[in-house]
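A.B. asks: Quick mapping for you: the protein sequence lines, in order, are chains A and B. Numbering of the first sequence is given in this note's numbering, commencing with residue 39 and proceeding in unit increments. Numbering of the second sequence is given in this note's numbering, commencing with residue 127 and proceeding in unit increments.
There's no promise every hint is true.
Unchecked claim - Subject to a maximum C-alpha distance of 25 Å in a straight line, what follows is the list of computed PhoX-like cross-link-like pairs (lysine-lysine): (1) K139(B) - K108(A); (2) K139(B) - K89(A); (3) K89(A) - K230(B); (4) K183(B) - K97(A); (5) K183(B) - K108(A); (6) K94(A) - K183(B); (7) K74(A) - K183(B); (8) K183(B) - K95(A); (9) K74(A) - K95(A); (10) K108(A) - K74(A); (11) K74(A) - K230(B); (12) K107(A) - K139(B); (13) K94(A) - K140(A); (14) K183(B) - K140(A).
Claimed, not checked - Pair by pair, the computed Cβ-Cβ distance ranges are: (15) A221(B) - S64(A): 37 to 47 Å; (16) I45(A) - Q144(B): 31 to 41 Å; (17) G166(B) - N62(A): 15 to 25 Å; (18) V122(A) - N185(B): 23 to 33 Å; (19) R135(B) - K89(A): 36 to 46 Å.
FYI, nobody ran anything at the bench for these hints, they're computed from the structure. Keep in mind that this is a model prediction, so the values were computed, not measured. Quick reminder that beta carbons are idealized off the backbone N, C-alpha and C, glycines included.
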Amino acid sequence: GQQVMQIPQYQHVQEGEDFTTYCNSSTTLSNIQWYKQRPGGHPVFLIQLVKSGEVKKQKRLTFQFGEAKKNSSLHITATQTTDVGTYFCYSGGGADGLTFGKGTHLIIQP
Amino acid sequence: KAGVTQTPRYLIKTRGQQVTLSCSPISGHRSVSWYQQTPGQGLQFLFEYFSETQRNKGNFPGRFSGRQFSNSRSEMNVSTLELGDSALYLCASSARQGRITNEKLFFGSGTQLSVL
């Protein structure tokens, strides 16, 4: 069945450093979405990628979809304390249900 | 537009009891999905309902069940509670129609269930 693996599970960075989380699938994805969950909150939609090789930017965040549509990455440039939280990738396609990666917890040390 | 509403916000139960959680989706959304979130396991998919029909089901025991009403509101039920069922239960609604979705999920604030 469709599996979405996300690495790393935890990432500690100093404020101002960059951060990247990766999402890998065993099967080709129709699309991939990214969500952010702040501590004590609920996941909130960030972006969706649909096309092979697609790159989208939101201020300091850069999202990429692999050429084979089996992997994706989220990169944050110059992290700030407001970036703290857990970042999830999500694939809603297929008969196996709606699959989230386990998430990457971003911890920022001032 | 009102967001996704989940009730209750917190719940404390004892082993062996059963519990029912409620989710009211965003108006116009017919797809409601449920997730269990624990610190070590991330967001695990329970099931999805669309137009009162269960469309997808995750890998959970039969103690976990759900239903959806004609107004798209959904409930999930957990019978014979176990300590390991302690978790945050999140529901999400979307405008998803078919099996492949390009629609984003809108989450409720969740129900924090503690089983003692």
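A.B. asks: Enumerate the violated hints, using their earlier numbering and listing them in ascending order.
C.D. replies: Of the numbered hints given earlier, those the structure breaks are 1, 2, 4, 6, 8, 12 and 15, listed in rising order.
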